[in-house]
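Trainee: Throw the hints in and build the complete structure from the sequences for me.
Here is what each chain is made of, one letter per residue.
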Amino acid sequence: MSEPLVIDVHGLTKNFGPKRVVDHFDIQVPKGAIYGFLGPNGSGKTTTIRMLCGLLTPDEGEGTCLGFDVRKQAEQIKEQVGYMTQKFSYYEDLSIRENLDFVARMYRLDRRKQRVDRALADLGLADRQKQLAGSLSGGWKQRLALAACLLHEPKLLLLDEPTAGVDPKARRDFWDEIRRLSAIGVTVLVSTHYMDEAVQCDFITYIAYGKKLIDGPSAKIPEMVGLETWRVEGPELARLEDRLLTEPGVVQVARFGTVLHVSGTDKAALGATVERLKAEGTHRWSLQVAGLEEAFIYLMTGARDNFAGDGGKAAA
Amino acid sequence: MTLGFSLKRFGAVLYKEFIQMRRDRITFGMMIGLPIIQLFLFGFAINADPRNLPTLVEMGDNGPLSRAVIAGMQNSSYFAFKGAVTGAGEGEEALRRGTANFVVVIPEDFERDVVRGNKPEILVAADASDPSATGGAVAALSGIVNVAISETLTGPLAQQAGSPPFSMVVHREYNPEGKTSTNIVPGLLAIILSMTMVMITAVAIVKETERGTMEMLIATPVKPLEVMLGKILPYVFVGYVQTVVFLAAASLVFGVPFEGSVWAFFLGFNLFIVVNLALGFLISTAAKSQMQAMQLSFFTILPSILLSGFMFPFAGMPGWAQFIGQAVPATHFLRVVRKVMLKGGEVADVTGELWALVAILVVISAIAMLRYRQTLD
Numbered sequence: 001m002s003e004p005l006v007i008d009v010h011g012l013t014k015n016f017g018p019k020r021v022v023d024h025f026d027i028q029v030p031k032g033a034i035y036g037f038l039g040p041n042g043s044g045k046t047t048t049i050r051m052l053c054g055l056l057t058p059d060e061g062e063g064t065c066l067g068f069d070v071r072k073q074a075e076q077i078k079e080q081v082g083y084m085t086q087k088f089s090y091y092e093d094l095s096i097r098e099n100l101d102f103v104a105r106m107y108r109l110d111r112r113k114q115r116v117d118r119a120l121a122d123l124g125l126a127d128r129q130k131q132l133a134g135s136l137s138g139g140w141k142q143r144l145a146l147a148a149c150l151l152h153e154p155k156l157l158l159l160d161e162p163t164a165g166v167d168p169k170a171r172r173d174f175w176d177e178i179r180r181l182s183a184i185g186v187t188v189l190v191s192t193h194y195m196d197e198a199v200q201c202d203f204i205t206y207i208a209y210g211k212k213l214i215d216g217p218s219a220k221i222p223e224m225v226g227l228e229t230w231r232v233e234g235p236e237l238a239r240l241e242d243r244l245l246t247e248p249g250v251v252q253v254a255r256f257g258t259v260l261h262v263s264g265t266d267k268a269a270l271g272a273t274v275e276r277l278k279a280e281g282t283h284r285w286s287l288q289v290a291g292l293e294e295a296f297i298y299l300m301t302g303a304r305d306n307f308a309g310d311g312g313k314a315a316a
Numbered sequence: 001m002t003l004g005f006s007l008k009r010f011g012a013v014l015y016k017e018f019i020q021m022r023r024d025r026i027t028f029g030m031m032i033g034l035p036i037i038q039l040f041l042f043g044f045a046i047n048a049d050p051r052n053l054p055t056l057v058e059m060g061d062n063g064p065l066s067r068a069v070i071a072g073m074q075n076s077s078y079f080a081f082k083g084a085v086t087g088a089g090e091g092e093e094a095l096r097r098g099t100a101n102f103v104v105v106i107p108e109d110f111e112r113d114v115v116r117g118n119k120p121e122i123l124v125a126a127d128a129s130d131p132s133a134t135g136g137a138v139a140a141l142s143g144i145v146n147v148a149i150s151e152t153l154t155g156p157l158a159q160q161a162g163s164p165p166f167s168m169v170v171h172r173e174y175n176p177e178g179k180t181s182t183n184i185v186p187g188l189l190a191i192i193l194s195m196t197m198v199m200i201t202a203v204a205i206v207k208e209t210e211r212g213t214m215e216m217l218i219a220t221p222v223k224p225l226e227v228m229l230g231k232i233l234p235y236v237f238v239g240y241v242q243t244v245v246f247l248a249a250a251s252l253v254f255g256v257p258f259e260g261s262v263w264a265f266f267l268g269f270n271l272f273i274v275v276n277l278a279l280g281f282l283i284s285t286a287a288k289s290q291m292q293a294m295q296l297s298f299f300t301i302l303p304s305i306l307l308s309g310f311m312f313p314f315a316g317m318p319g320w321a322q323f324i325g326q327a328v329p330a331t332h333f334l335r336v337v338r339k340v341m342l343k344g345g346e347v348a349d350v351t352g353e354l355w356a357l358v359a360i361l362v363v364i365s366a367i368a369m370l371r372y373r374q375t376l377d
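Protein chains in written order, with my numbering: chain A, 1 to 316; chain B, 1 to 377.
Since the hints were made in silico from the structure, they are not lab data.
Be aware that one or more of the hints could be misleading.
Unchecked claim - Facing chain B, from chain A, some residues (calculated, C-beta under 7 Å): (1) Leu55; (2) Lys78; (3) Glu79; (4) Tyr83; (5) Thr85; (6) Lys87; (7) Ser89; (8) Tyr91; (9) Asp93; (10) Phe102; (11) Arg105; (12) Met106; (13) Arg108.
Yeah, the Cβ is synthetic: ideal placement off N, Cα and C, and Gly gets one too.
Mentor: So, in structure tokens, the structure goes:
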């Protein structure tokens, strides 16, 4: 691949009836990157992913995926993309081996038996290959699905909430695998709800109501959102939380166990409020670097205002 | 879409479908076992010309002639005499309660009146609330009585026997014994084929969408045509098995003849299967769940039973109903089967039906293909 961008699309739009599900979405994904795709439920993540791999034709917009036109060359895109659906989408009444074999035949792969054998060995399922897929637990189903969509050695992986309903150990293993793939040059676009997964991504884009709110390297996201965050410790946090929300400069108060994270975009106003409360001496205050977590809570709660006002600036 | 059709992928879908069919024991049993059970059940159970109907008799006269009439009726096997009644009220009561289908009243001095040439009347009160139950017996009645009388009246009285002003001749073509199974068994083939073919195709396709596996399939390079053919072909095979079993049972168990051209049957049969698969495919494009697919299929089956001429004579329906009946594939296949099996029809005899099936196929497939392209998006 001489093309530096694996996905390069502009203005993707999709309507289902009168409802606009994806609204002029742009994304540029460099080769080998892990690109996190975040947003609340129903924000258009799945629809966007389906448009990228040729399952849906966009109503508007254009661009390329792996150098092929997303509108006209769905066939070629499908050959080189591994798409893992949100819901387990392999045959529950076929055995593990039969499922892998079926997928291999769909891609007309050579050395089929060898590839399936290797996939089974990698999965650690060689001795259970005759078991029906429907009898596997959630974590194993997810591993089978990943193995199945890697069989044809795709250059791009599109993963739609791959770790939903999977235990933490399996999730960690899953992400180890994703990083290993990324290291050998496979590009990964992964949608997720989990913040601990978001921080594993090289880039993050956030979408709400079908519109992109922010897009950039994950380390820069908090800065792009422009939040300042204070950490508060002390007694009766619930009462303090209620009180803080009425104070000037405070945009968001999030509770993390025994501490509050108080954030705002207007540094001066927030600073003044904090100084005043500090003087009361009941709580310990400390300024801290805003994390991704605060940034996303902020984005989620303020989604509507955001794309009316400074959302455009932040995304630019 | 046919460009780059891959036999390998088509074969993979086909193979997968067979594995799934084998694992889904209940559906598999439904496809092979139930039709056989239905054939035997309906073949033996349904009888449009019922015999041994419970009959009561009111004997106003006990002479040899009266007894000959009763014996003649009993021998016809239509009537089973359950006893005697005295007075009209008792007979009426039995009819109303349904304990008897017929009450035969032999008037007083019946024999004397016959001898004198007074033409006495035998009253047969029939429960006509279910005309199909009693119709056959009533139709046969006058013949039976005439025969009984003429056999008893001999010598100088014989001239009286010829006196009834008319006699009835029942001439049954193609089914000389009037056996219902000869009529119903070939018809059942049409009904059972449409039932299983339509329903199973519709459900098999909707199942992929409902379980989410269709999304995985579309994400691979497999072509819609490869999926469709791969999914449908196993059921064509099932249709063949059903038909072979059916024909064997029809001939060995029910003694239904196969008079006509095997080619005519084969053509009609294949066309009919394809039409049903297309119909099932069309249903699958509309149904969102397997449950809906089942329900929609069921609605196509009722007209196949009621308007096709399977259950009720086609010619007896009003014009508009015949018009609807013409659009039902089973109507035409039913005619092909009856013409070929019972009347010895050749290909030339069934061309009208074959063309009708082709026309229905074209219309259904066109709608289905239009709809299928939309549902991909």
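Trainee: Can Phe102 (chain A) be said to touch chain B, with a Cβ gap under 7 Å?
Mentor: It holds, given that the least Cβ distance between Phe102 (chain A) and chain B is near 5 Å, below 7 Å.
Trainee: How about Leu55 (chain A): closest beta carbon in chain B under 7 Å, or not?
Mentor: holds, 6 Å
Trainee: Ser89 (chain A) was flagged as interface toward chain B. Is the shortest Cβ-Cβ separation under 7 Å?
Mentor: holds, 4 Å
Trainee: So, Tyr91 (chain A) near chain B? Judge it on the closest CB pair being under 7 Å.
Mentor: holds, 6 Å
Trainee: Should the interface hint for Thr85 (chain A) be scored as holding, given a Cβ-Cβ cut-off of 7 Å against chain B?
Mentor: holds, 5 Å
Trainee: Does Arg105 (chain A) pass the interface check with chain B, least Cβ-Cβ distance below 7 Å?
Mentor: holds, 4 Å
Trainee: Should the interface hint for Lys87 (chain A) be scored as holding, given a Cβ-Cβ cut-off of 7 Å against chain B?
Mentor: Holds - the Cβ of Lys87 (chain A) comes within 7 Å of chain B, reaching about 5 Å at its closest.
Trainee: Could you check if Arg108 (chain A) really has its C-beta closer than 7 Å to a C-beta on chain B?
Mentor: holds, 6 Å
Trainee: Would the hint on Met106 (chain A) stand, with a C-beta cut-off of 7 Å toward chain B?
Mentor: holds, 4 Å
Trainee: Does the closest beta carbon of chain B sit nearer than 7 Å to the beta carbon of Lys78 (chain A)?
Mentor: Hint holds; Lys78 (chain A) Cβ to chain B Cβ min 5 Å, cut 7 Å.
Trainee: Does the interface hint hold: is Asp93 (chain A) within less than 7 Å of chain B, judged Cβ to Cβ?
Mentor: holds, 5 Å
Trainee: Under 7 Å is the threshold here; is the Cβ of Glu79 (chain A) close enough to any Cβ of chain B for the hint to stand?
Mentor: holds, 5 Å
This entry satisfies every hint, going by the numbered hints stated previously.
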